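*Asks:* One line per chain: the protein sequences are A and B, in this order.
Just so we're aligned, residue 44 is where the first sequence starts under the numbering used here, counting upward by one.
Just so we're aligned, residue 44 is where the second sequence starts under the numbering used here, counting upward by one.
Be a bit skeptical, because a hint or two may be false.
[As the list claims (entries may be wrong)] Short derived list, chain B residues pointing at chain A, Cβ under 10 Å:
hint	residue
1	Glu87
2	Lys90
3	Leu108
4	Glu125
5	Pro137
6	Arg139
7	Asn140
8	Ser147
9	Val153
10	Pro172
11	Lys191
12	Gly241
Hint data in this document are derived by calculation from the structure and do not stem from the laboratory.
Treat the numbers as computed from the prediction; the structure is a model and nothing was measured.
Yeah, the Cβ is synthetic: ideal placement off N, Cα and C, and Gly gets one too.
Residues per chain, in single letters:
Number of protein chains: 2
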Amino acid sequence: MNKSIVLLSGGMDSATALSIAKSKRLSCYALTINYGQKHSTEIEKAKLIANHFQVIEHKIIEIDLTVFGGSALTDKSIDIPENESQGIPVTYVPARNTIFFSLSLAWAEVIGANSIYSGVNAIDYSGYPDCRPEYIEAMQGLVNLATKATVEGNSIAIEAPLLSMNKIDIIKNGIENDVDFSKTVSCYQLTKQSKSCGVCDSCRIRLKAFEELNLIDRIEYV
Amino acid sequence: MNKSIVLLSGGMDSATALSIAKSKRLSCYALTINYGQKHSTEIEKAKLIANHFQVIEHKIIEIDLTVFGGSALTDKSIDIPENESQGIPVTYVPARNTIFFSLSLAWAEVIGANSIYSGVNAIDYSGYPDCRPEYIEAMQGLVNLATKATVEGNSIAIEAPLLSMNKIDIIKNGIENDVDFSKTVSCYQLTKQSKSCGVCDSCRIRLKAFEELNLIDRIEYV
Chain A
44 MNKSIVLLSG GMDSATALSI AKSKRLSCYA LTINYGQKHS TEIEKAKLIA NHFQVIEHKI
104 IEIDLTVFGG SALTDKSIDI PENESQGIPV TYVPARNTIF FSLSLAWAEV IGANSIYSGV
164 NAIDYSGYPD CRPEYIEAMQ GLVNLATKAT VEGNSIAIEA PLLSMNKIDI IKNGIENDVD
224 FSKTVSCYQL TKQSKSCGVC DSCRIRLKAF EELNLIDRIE YV
Chain B
44 MNKSIVLLSG GMDSATALSI AKSKRLSCYA LTINYGQKHS TEIEKAKLIA NHFQVIEHKI
104 IEIDLTVFGG SALTDKSIDI PENESQGIPV TYVPARNTIF FSLSLAWAEV IGANSIYSGV
164 NAIDYSGYPD CRPEYIEAMQ GLVNLATKAT VEGNSIAIEA PLLSMNKIDI IKNGIENDVD
224 FSKTVSCYQL TKQSKSCGVC DSCRIRLKAF EELNLIDRIE YV
C-alpha cells in the first residue's frame, strides 16, 4: 500500500482530507503541529480524528511560531476578529503552510511516502496566499527538487483535494467518507475550557454551511 | 536600512553569508535552529558569531527533527561517516533547508525583511539536493507566492551568495568580510565536551581548504 502523510489540524478540512486519503486505501500517517495556536484544543480533536481513522501513526510536533507572532492566532497582542474580514485576514499565520508542508516533506522522505495530503482550500479563505492553486503548484515544483527521494525518482505528490471545494462540498465529502464532524473544531477562540464562539470567521463559515445543508452541527457553542 | 534574515548555523558558510549581508549594510536578524543535531555545540558558536557581527536580534528556535530521523546528524542509529561519501551523504537531513527557509520566511514577513541570506553552496556538498541552484530558484518561486508580504508586492529575495563558491573561496570571502573562523565549527561529531574529529566529511573539507590557503585553522582537533 502506498504511504501518505496527512497534515491533520483537528479542523473540518484536514479531517476530510484524511478521509479522502483513506478512501483511496492509502496507509495514512497523520502529522499535527502544535505551533502555539490560541485554539490549541484542536490538537485534542486531531487525536480523536486520527484514532477514528486508525492511522498507522500520529505524530504531534512542536514548533513555537509565537516567537515570530504577526497573526491573531499566534500573537496575544492581536485579537481574533469577530466581524467578517476584508482582504487577507489577521488570522493569516505568516508562512504557516510552507512550514507545515516542509515538515511533512521531511517525514514523507524518511518513510518513503508518495504523497502529502492537506486540507488547504482556496474558497472560504481566499485571502490566504498559501491556500491558492498557484501556491500548491509552486510547492510541488519545490518538492520535486528538494529531497533525496524526489531527486532519485520517487515522486511525492502534494495533494489538496479540497482546494476548489466550498464548506458545503467539504461537509458532503466528509460525511460520504465517514468523517464525524462532532470530533472536529473550527473556532479560533476556543480554549480547552470554553465552547465555540460562533462569531469568528471560522465559526461563521462552519455554521452557515451546516445551516444551508439542514444539518445539525453537534459541537457546543456559547 | 533594509532588513535581512540570516540563517546562522555556527558553521563557516553561514558565518560568511552573514558577513556578506553585513558588508551590504543590511540590518541583520540571525536565525539559528536547534533541530536536535548531534553537533549541537554549533549553536554556541552561532551566538559568538551573531555577537561578533552585532546583529539586531538573534533568535534560536527549537524544532526536533530527531522525531523523523533518517540522517546521520539526527538519528542515533546512523553513524557519522569517517570516509569520503559516495552519492548523497548520510549526513543529508531530509527537507532541512526547506524547513529552515520556511521558518526564516515567517520571520521575514513579520518584520518586513526584503531578503533571506543562507550559506548554502552547491560545490562542497553537491550531493545535497537542497543546495543546488535549481532548488534555490524553486524556493524563490514559492516565496513569491507564499506570503501576504510577497503577494502585496514586497519582494523577499532568497540570497545564497556562496552557492558557487568552494571552501577556499568561502574562507577568502569570509576573511575579507571580518569573519573570525575560530568562532565557527564544522565537525559533525563535535559534542560540547570534545574537539573536532578531523575525519568526518565536514572536517576534512575544512582542513583541506585551510591547508591549501596556507592558513592556520585555530580550532582544536583531537
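*Asks:* Under the constraints set out in the numbered hints, which ones does this structure not fulfil?
*Replies:* Hints 1, 2, 4 and 12 not satisfied by this model.
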